[in-house]
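J.: For reference, the chains in residue letters:
2 protein chains.
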Amino acid sequence: MDKDKIDKKDHILDVAERVFADLGFDGASTRAISGEAGVNMAMLNYYFGSKEGLFLAIFERKIASFRTLLQNIGNDDTISSWDKLEKCIDNYVDRIIVNNCFQKLINREITMTKRWDLTDKIVGILMVNVNEIKKIIEEGVSTAAFAKDIDIPLVVATIFGTKNFIVSQLQLSSLILAHDIRDEKFMEEDLKPRVKTYMKRLLKAYLVNEHDNSK
Amino acid sequence: MDKDKIDKKDHILDVAERVFADLGFDGASTRAISGEAGVNMAMLNYYFGSKEGLFLAIFERKIASFRTLLQNIGNDDTISSWDKLEKCIDNYVDRIIVNNCFQKLINREITMTKRWDLTDKIVGILMVNVNEIKKIIEEGVSTAAFAKDIDIPLVVATIFGTKNFIVSQLQLSSLILAHDIRDEKFMEEDLKPRVKTYMKRLLKAYLVNEHDNSK
DNA sequence: TTTGATTAATCAATCGTTTGATTAATTTTG
DNA sequence: CAAAATTAATCAAACGATTGATTAATCAAA
Numbered sequence: 002m003d004k005d006k007i008d009k010k011d012h013i014l015d016v017a018e019r020v021f022a023d024l025g026f027d028g029a030s031t032r033a034i035s036g037e038a039g040v041n042m043a044m045l046n047y048y049f050g051s052k053e054g055l056f057l058a059i060f061e062r063k064i065a066s067f068r069t070l071l072q073n074i075g076n077d078d079t080i081s082s083w084d085k086l087e088k089c090i091d092n093y094v095d096r097i098i099v100n101n102c103f104q105k106l107i108n109r110e111i112t113m114t115k116r117w118d119l120t121d122k123i124v125g126i127l128m129v130n131v132n133e134i135k136k137i138i139e140e141g142v143s144t145a146a147f148a149k150d151i152d153i154p155l156v157v158a159t160i161f162g163t164k165n166f167i168v169s170q171l172q173l174s175s176l177i178l179a180h181d182i183r184d185e186k187f188m189e190e191d192l193k194p195r196v197k198t199y200m201k202r203l204l205k206a207y208l209v210n211e212h213d214n215s216k
Numbered sequence: 002m003d004k005d006k007i008d009k010k011d012h013i014l015d016v017a018e019r020v021f022a023d024l025g026f027d028g029a030s031t032r033a034i035s036g037e038a039g040v041n042m043a044m045l046n047y048y049f050g051s052k053e054g055l056f057l058a059i060f061e062r063k064i065a066s067f068r069t070l071l072q073n074i075g076n077d078d079t080i081s082s083w084d085k086l087e088k089c090i091d092n093y094v095d096r097i098i099v100n101n102c103f104q105k106l107i108n109r110e111i112t113m114t115k116r117w118d119l120t121d122k123i124v125g126i127l128m129v130n131v132n133e134i135k136k137i138i139e140e141g142v143s144t145a146a147f148a149k150d151i152d153i154p155l156v157v158a159t160i161f162g163t164k165n166f167i168v169s170q171l172q173l174s175s176l177i178l179a180h181d182i183r184d185e186k187f188m189e190e191d192l193k194p195r196v197k198t199y200m201k202r203l204l205k206a207y208l209v210n211e212h213d214n215s216k
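Protein chains in written order, with our numbering: chain H, 2 to 216; chain P, 2 to 216.
FYI, nobody ran anything at the bench for these hints, they're computed from the structure. Note that the structure is predicted; figures quoted are calculated from it, not measured. Any given hint could turn out to be false.
Same chains, same names: a pair is fine if it fits in one copy or spans any two.
Said to hold, decoys possible - With a straight-line Cα cutoff of 27 angstroms, these simulated DSS-like cross-link-like pairs (lysine-lysine) come out: (1) K136 <-> K197; (2) K88 <-> K186; (3) K115 <-> K52; (4) K201 <-> K135; (5) K63 <-> K52; (6) K186 <-> K135; (7) K136 <-> K201; (8) K149 <-> K193; (9) K115 <-> K186; (10) K136 <-> K193.
Build the full structure now, drawing on both the sequences and the hints.
T.: The structure is reproduced here in structure tokens:
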């Protein structure tokens, strides 16, 4: 049946996403992926053409939905720039903490000099989302909601860098936070609201035009 | 000669560091490393026992010196907590932007679930440095130089996350900064002071106790 | 000559991919 | 509807290439 085929492909993508995240692109063998997914090795090539095709399929499945979400926030004319940014933060934190293995996957492969074509594709997909954030901050500056002398690209680097660090370097952030970050309950009930609150305060202190940053 | 041997080992470590950073642990073959270093493949095992041994040797060569630098800053009783933090930022930015391929190397391998023993070793080494920063911030809070309701672990995540993002995701940050980040001159003359200024303003706005963070 | 450094050749293991065959499902034809 | 033809899905086996590591022979220096 067609339904079963889609389900099976989706199942493979689910498994492959986790295995890639754990072991990296090179480290994850097609045998390991097919083995864990309970399918024959040849099915990966049959469905996705190649290992790289499987890798890209994982991305394309994930990114699109979040992009439209960001765009909806950005295009909403009824709320202020700061409220838009808050909404972005909330959505990002919700998203990345839940399926963090996908984030790890991106962060690892994007630093590769090998496989330029693949990296370029990933960067291209990500930049669309990055630019949505950037646009919101720029809007805030032009409407004088944010200070005019802020460093927008580096603010973006802080937003993405902080979230990447927390989810991507699990062992390190576990030690820093003094919690086992694989503890689902802690992640959901404690860390999630905590990161949201922190990011908002941090950015508000720097961005919002209530004191002079230039000194 | 003994001198020549040490030079050769160092040369291998230099090359291996770059190749590992570019291609990852799995992606970097011993043939590629020995080939680029201009030595026979067997010399890697002869000198470092194994590929993993070579990998660890790269770390041990690098980390120690910076650790003592951080500790010297932390133990200096003649300057304020904020000045200590500024010094740390300056030193970090100077260091990571120059040899960023080492940072990439760490950031990639630390996210691996594979090779727990190796990751643990790396994390252990890094945590010493992380704790130095943490100690300085804690000192600032206890002396009321910093606001008491700040989230220290997440501040650490921002410091390391932002720097990691800039150097580790070169392609992405090149696009965000609208500059080719491999341009040495831009990195040295523009980006370096810019990141320093930004990090200080960002952290000061959040940390220093001149407005109430709790609202 | 003896010891340590260096080499080319080779090892078993594993890699991603391809193959040819077999089964299941679908479509076409009579 | 039923038989035949076609397509899709799945499999075990094997491919050539590459991996990290080791061997035994050679070289250089003391």
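J.: How do K186 and K135 come out at 27 angstroms by Cα distance, when the copy is not named: within, between, both, or neither?
T.: Answer is between; shortest inter-copy Cα gap is 25 angstroms, intra-copy 32 angstroms.
J.: With identical chains treated as interchangeable, where does the CA-CA distance between K115 and K186 reach 27 angstroms or less: within a copy, between copies, both, or neither?
T.: The answer is between: 25 angstroms across copies meets 27 angstroms, while 38 angstroms in one copy does not.
J.: Regarding K63 and K52, is the shortest C-alpha distance of 27 angstroms or less found within a copy, between copies, in both, or in neither?
T.: within (18 angstroms within a copy, 35 angstroms between copies)
J.: Using 27 angstroms as the alpha-carbon threshold, which applies to K201 and K135: within, between, both, or neither?
T.: both (16 angstroms within a copy, 21 angstroms between copies)
J.: Between copies, within a copy, both or neither: which fits K136 and K193 at Cα up to 27 angstroms?
T.: both (25 angstroms within a copy, 25 angstroms between copies)
J.: Is it within, between, both or neither when you check K136 against K201 at 27 angstroms Cα-Cα?
T.: Both: 18 angstroms inside a copy, 24 angstroms across copies.
J.: Are the CA atoms of K149 and K193 at most 27 angstroms apart within a copy, between copies, both, or neither?
T.: between (30 angstroms within a copy, 21 angstroms between copies)
J.: Should K136 paired with K197 be assigned to within, between, both, or neither, using CA atoms and 27 angstroms as the limit?
T.: both (20 angstroms within a copy, 24 angstroms between copies)
J.: What label fits K88 with K186 when the C-alpha limit is 27 angstroms: within, between, both, or neither?
T.: Only inside one copy: K88 and K186 sit 23 angstroms apart there, 38 angstroms across copies, limit 27 angstroms.
J.: How would you label the pair K115, K52 (within, between, both, or neither) given a Cα cut-off of 27 angstroms?
T.: Both: 15 angstroms inside a chain and 19 angstroms across chains, each within 27 angstroms.
Going through the hint list in order, the structure satisfies each hint without exception.
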